[in-house]
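Work out the full structure: start from the sequences and follow the hints.
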Amino acid sequence: MAGIGGAETPAKKWGWGVLNTVVVIYALIPVLWIVSLSFKSSKTLADGNFIPREWSLENYQNIFSTSEFTRALINSIGIAIIATAIAVVFGTMAAYAIARLDFPGKNLLVGVSLLIAMFPQVSLVSPLFEIERSLGLFDTWPGLILPYITFALPLAIYTLSAFFREIPWELEKAAKMDGATPGQAFRRVIAPLAAPGVFTTAILVFIFCWNDFLFAISLTSTEQSRTVPVALSFFTGSSQFEDPAGSIAAAAVVITIPIIIFVLFFQRRIVAGLTSGAVKG
Amino acid sequence: MAEIVLDKVTKRYPDGALAVQEVNLEIADGEFIILVGPSGCGKSTTLNMIAGLEDITDGELRIGGQRVNEKAPKDRDIAMVFQSYALYPHMTVKENMAFPLRLAKVDNATVEKKVNDAAEILDLTQHLDRKPSNLSGGQRQRVAMGRAIVRNPKAFLMDEPLSNLDAKLRVQMRTSVSRLQKQLGTTTVYVTHDQTEAMTLGDRVVVMRGGVVQQIGAPQFLYDQPANLFVAGFIGSPSMNFVPATLENGSLRSILGDVTLTDRVRQLVEGADAPREVIMGIRPEHFEDAALVDAAALSSGGKFTQHVDVLESMGSDKYAYFNLTGEQAASAELQELAADAGSDDVPGDGISLVTRLSSASGAVEGASSEIWFDADKVQLFDPSNGRNLTYTER
Numbered sequence: 170m171a172g173i174g175g176a177e178t179p180a181k182k183w184g185w186g187v188l189n190t191v192v193v194i195y196a197l198i199p200v201l202w203i204v205s206l207s208f209k210s211s212k213t214l215a216d217g218n219f220i221p222r223e224w225s226l227e228n229y230q231n232i233f234s235t236s237e238f239t240r241a242l243i244n245s246i247g248i249a250i251i252a253t254a255i256a257v258v259f260g261t262m263a264a265y266a267i268a269r270l271d272f273p274g275k276n277l278l279v280g281v282s283l284l285i286a287m288f289p290q291v292s293l294v295s296p297l298f299e300i301e302r303s304l305g306l307f308d309t310w311p312g313l314i315l316p317y318i319t320f321a322l323p324l325a326i327y328t329l330s331a332f333f334r335e336i337p338w339e340l341e342k343a344a345k346m347d348g349a350t351p352g353q354a355f356r357r358v359i360a361p362l363a364a365p366g367v368f369t370t371a372i373l374v375f376i377f378c379w380n381d382f383l384f385a386i387s388l389t390s391t392e393q394s395r396t397v398p399v400a401l402s403f404f405t406g407s408s409q410f411e412d413p414a415g416s417i418a419a420a421a422v423v424i425t426i427p428i429i430i431f432v433l434f435f436q437r438r439i440v441a442g443l444t445s446g447a448v449k450g
Numbered sequence: 072m073a074e075i076v077l078d079k080v081t082k083r084y085p086d087g088a089l090a091v092q093e094v095n096l097e098i099a100d101g102e103f104i105i106l107v108g109p110s111g112c113g114k115s116t117t118l119n120m121i122a123g124l125e126d127i128t129d130g131e132l133r134i135g136g137q138r139v140n141e142k143a144p145k146d147r148d149i150a151m152v153f154q155s156y157a158l159y160p161h162m163t164v165k166e167n168m169a170f171p172l173r174l175a176k177v178d179n180a181t182v183e184k185k186v187n188d189a190a191e192i193l194d195l196t197q198h199l200d201r202k203p204s205n206l207s208g209g210q211r212q213r214v215a216m217g218r219a220i221v222r223n224p225k226a227f228l229m230d231e232p233l234s235n236l237d238a239k240l241r242v243q244m245r246t247s248v249s250r251l252q253k254q255l256g257t258t259t260v261y262v263t264h265d266q267t268e269a270m271t272l273g274d275r276v277v278v279m280r281g282g283v284v285q286q287i288g289a290p291q292f293l294y295d296q297p298a299n300l301f302v303a304g305f306i307g308s309p310s311m312n313f314v315p316a317t318l319e320n321g322s323l324r325s326i327l328g329d330v331t332l333t334d335r336v337r338q339l340v341e342g343a344d345a346p347r348e349v350i351m352g353i354r355p356e357h358f359e360d361a362a363l364v365d366a367a368a369l370s371s372g373g374k375f376t377q378h379v380d381v382l383e384s385m386g387s388d389k390y391a392y393f394n395l396t397g398e399q400a401a402s403a404e405l406q407e408l409a410a411d412a413g414s415d416d417v418p419g420d421g422i423s424l425v426t427r428l429s430s431a432s433g434a435v436e437g438a439s440s441e442i443w444f445d446a447d448k449v450q451l452f453d454p455s456n457g458r459n460l461t462y463t464e465r
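Chains A and B, in that order, are what the protein sequence lines are. Quick note on the working numbering: the first sequence kicks off at 170 and runs consecutively. Quick note on the working numbering: the second sequence kicks off at 72 and runs consecutively.
Just so you know, the hints here were simulated from the structure itself, not pulled from any lab data. Quick caveat, the model's predicted, so the values are computed rather than measured. Mixed in with the good hints, there may be bad ones.
[What the hints assert, rightly or not] Away from chain B, derived, C-beta distances all over 12 angstroms, residues of chain A:
id, residue
1, 210
2, 242
3, 361
4, 369
[Claimed, not checked] List of simulated lysine-lysine pairs, DSS-like, C-alpha gap at most 25 angstroms:
id, chain 1, residue 1, chain 2, residue 2
5, B, 239, B, 253
6, A, 342, B, 239
7, A, 342, B, 176
8, B, 202, A, 342
In this text, a Cβ means the ideal position worked out from N, Cα and C, and glycines have one as well.
Written as structure tokens, this is what we have:
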């Protein structure tokens, strides 16, 4: 960071340090607040203390005691993983074709996928609702997986084709000359080099599916396929007059955990500059 | 190991552009052949067609007597060294070199032995466990060579393998490539745009221009007997001087004075049915300071006196540059050569002349000097089609 401003002076270092701290605090306080809320008991929930006076796991016990949340968690995990896997596999193939081949209609394909990415999702909700109802997909896993793939694919294709374009084409030619079939060249040379791109894309797509609220609330009606963001909105207190904030906070903490794990697990593989050294440089 | 035959090989792109036109070439087993020409002349396309990386539109390619037009690169059993080296960045040097053998399902012990042998030859033994990104340019180049030699292919194809190295290393690697090829005795096709590499490396050189082969021959033969203006201007550094001239009853009139043709040259010119207006070509080394030439030679050769524009003393020789007023020799070939060398951007009218004089010459920059040239070494070209009128098969 200091490199941008030229020489690294102590004053500059301090300046950046302070700025970074401010940004990090600004971003983290709401998260910490949610965590704090989730550990408060229902009595102290609204006392306004940042650090809970008495720690309690009451909220966590509550959300896991009914199937409302656990079932939604299973739905969320299942739907997001399946949609991610399919989108990444098709995205990889499409991106490879776009980056490497010249075929008629290539620009059209890229244009259409861009169009889909830019389409306001909210305008599609009603038609999708009608279509899914008449096809019997309403309130099922495929009913959510399909639109997720539709909207995740352009994202996947864009990210991945940028990665593929960075892999020198000569590597593939070299593999062919070394006696590889196109399949072997892809598997043993191109795929390992594209892996960081694939993981990055997988994370992005997974987060997109995991966080979606709009489709999930419009295209589901029961616990059978309701995902966590939607289930959260259906939380109620034990009585009509009780604020479910504690449970919502606990659930919010729980659904953040998979994302953190996902990113931590894959970030090692997102090593920039893996392709350096392939060609002259 | 095998011979490679190109029989009227043609490459036409779908948009109709003709990249390579009816190339006929017979490469003998173990021969080191160079494809040379300015960029866009079709030399790399020709190499890629031999490799199988580009389809052959027309004609036949035979390796070891077998038609291979339809064969995939992997079934042709040839290895290629790329200009960018194209090393696999996620593999170590050892894995890079072993890759072709692994694909061929060679057993582990043999792979180990062959990789170690190749590393030994190329002086890479201590780098086997490093990744390409940690190697210097020269080391990467050697790994690329190693990957080619490990599996004893029928032929090596090299696409400007040295052009990414700095000048000093390039000269070093040039000799080691040459030594390696002699040692292995493998048929090699080498593409370059550098005429020095072409002259020093090859058994035979193929000069290409615009997808058409201009001349095929040993480097010295191409230098002495270029078939046309293009080859004459391309081969040799500094390149041949071209001056417009007129043929008149056995003598040659030009800005460099009148000179009587020698019997050898006159016979050739008569046999070639030469036009009156010609382009005269003389190599820099065929000039000499007139004061250093003996009387007999002096009277038979041409003489002119001009201001020395620039004088470069190289120790062993002196290069004297002249700028003569007059029309430049005009032909499509010369224009293309100038464009390729980038010299068409250099401002200046008139004819520039490069002469290589003995170090004993008393020529001084800015002063007039009398320069002699050898009339028997003059080459004459037809300006309309670039044909060499003094060409002999010898």
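Next on the checklist: Output the indices of the hints that this structure fails to meet, ascending.
Outcome noted: 3, 6
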